[in-house]
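S.K.: Just so you know, the sequences run in chain order W and Y.
Here the numbering used here is used: the first residue of the first sequence is 1, the next is one more, and so on.
Here the numbering used here is used: the first residue of the second sequence is 1001, the next is one more, and so on.
No lab work stands behind these hints: they were computed from the structure.
Bear in mind the structure is a predicted one, so any value in this text is a computation, not a measurement.
There's no promise every hint is true.
[As the list claims (entries may be wrong)] To give an idea of the interface, some chain Y residues facing chain W are shown, with a C-beta separation under 8 Å as derived from the structure:
no.	residue
1	His1034
2	Gln1042
3	Gly1043
4	Pro1044
5	Tyr1046
6	His1049
7	Tyr1087
8	Arg1100
9	Leu1101
10	Arg1105
11	Gly1106
For every residue, glycine included, the Cβ atom is placed at its ideal position computed from N, Cα and C.
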Amino acid sequence: NAGVTQTPKFQVLKTGQSMTLQCAQDMNHNSMYWYRQDPGMGLRLIYYSASEGTTDKGEVPNGYNVSRLNKREFSLRLESAAPSQTSVYFCASRTLSGRNIYEQYFGPGTRLTVT
Amino acid sequence: DAKTTQPNSMESNEEEPVHLPCNHSTISGTDYIHWYRQLPSQGPEYVIHGLTSNVNNRMASLAIAEDRKSSTLILHRATLRDAAVYYCILRDVRGSTLGRLYFGRGTQLTVWP
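Isolated chain Y, as found in the complex (with noise of 0.2 Å):
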């Protein structure tokens, strides 16, 4: 499975925007960005994925490089409640890994009031 790279810890103040960022340099043609996030004492939640295009939801907007070798989790107005783990995933969606995601160790936000 190809690899993500992302910095071990980000900080942000409340209300700020932030942007955390993944490297996937040898991402394949089928493979999805995925974002997900753990908060503290909590199973990981699903935030957003994409393949191509930059996607936006009600959580967090998705910018993806031309190349697909990088991405972007884009969190608009950073909240106290945003201080989590998030994990950058690539999952291919081609035949038998039935949604295996491999979870790397994410990067630590730290939001302050």
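Excised from the complex, chain W in its bound form (with noise of 0.2 Å):
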């Protein structure tokens, strides 16, 4: 297993591009979820989706647009990307059966930096 996947890793934008950050896990996991981290921060939650279908805000959602395109992907979009939203994006996966109810997976991030 792959476990999470991101693409890109790295990214330069200059401000006002748009562009989607990837996410697939193959884990067969029902729960999806967006994190960005700032320099010497925790993460912090943008957006996630309890399920294939549906998508709900974090804490951070202003500036940003999810898809769960299915069980396996869930996209971040940046419609018009500022340098605020430079930052390390995280996207984990949850089950929600089984024994390993409790671990969010996460995968190995996309640096993102907006000019």
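Hints given; two lone chains; assemble the complex.
M.R.: What follows is the structure, encoded as structure tokens:
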């Protein structure tokens, strides 16, 4: 199993440009999450998807949109990037059944710089 | 969500035990105590969790105070690979929270050879 994969690993955008961060998991997990981590800080939840077909806002959703494309994939879109969105973005997933229900599995992150 | 308080940083020597403290004086009866760690340039990874009783797994042990207002993550023999930021997180298992995790700044553990 590859676990949680994210693309791209690095990205530099100019202010106002748009882009989509991709996330996929091969563990048949129900729930998926997008977090951002600013330097020296903990992670903050942007959006989450409890199951295929549903999405909800987290702590810091402004400036972002998400799509739960299918059970495997959960994408994060920046429509008009701003320097304040410079951060490391992590995708995570979680099963809703079985012995690992309490664990979130994180991807390696996407490092985004907006100039 | 109930808050946790952790020291900003701790240091240890390799092969020595490490006790990472966490205070959570406003914990509620339905809050589980979770620990995650984040190695440099990686995403967080699950370490351990518990509710009331002490817990052991292959990575660490979790000691929970009887009043549940504090807990301690114990690494029995620190290795260089254990150098990471350790996050103590409370997660309410009721209803709509759907497993959301609220990360603080955590404790930066430095392990010296």
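S.K.: Against this structure, judge whether each hint is valid.
M.R.: Status of the hints after comparison with the structure:
1. His1034: 7 Å, holds
2. Gln1042: Holds - the Cβ of glutamine 1042(Y) comes within 8 Å of chain W, reaching about 6 Å at its closest.
3. Gly1043: With Cβ-Cβ at 3 Å, under 8 Å, it holds.
4. Pro1044: 5 Å, holds
5. Tyr1046: Holds, because the Cβ-Cβ distance from tyrosine 1046(Y) to chain W comes to roughly 4 Å (cut-off 8 Å).
6. His1049: 5 Å, holds
7. Tyr1087: This hint holds: tyrosine 1087(Y) lies near chain W, its Cβ roughly 6 Å from the closest one there, short of 8 Å.
8. Arg1100: Result: holds, 6 Å to nearest chain W Cβ.
9. Leu1101: Where the cut-off is 8 Å and the nearest Cβ of chain W is about 6 Å from leucine 1101(Y), the hint holds.
10. Arg1105: Where the cut-off is 8 Å and the nearest Cβ of chain W is about 5 Å from arginine 1105(Y), the hint holds.
11. Gly1106: At about 6 Å, which falls below the 8 Å cut-off, the nearest Cβ of chain W leaves the hint on glycine 1106(Y) intact, so it holds.
Of the numbered hints stated above, none is contradicted by the structure.
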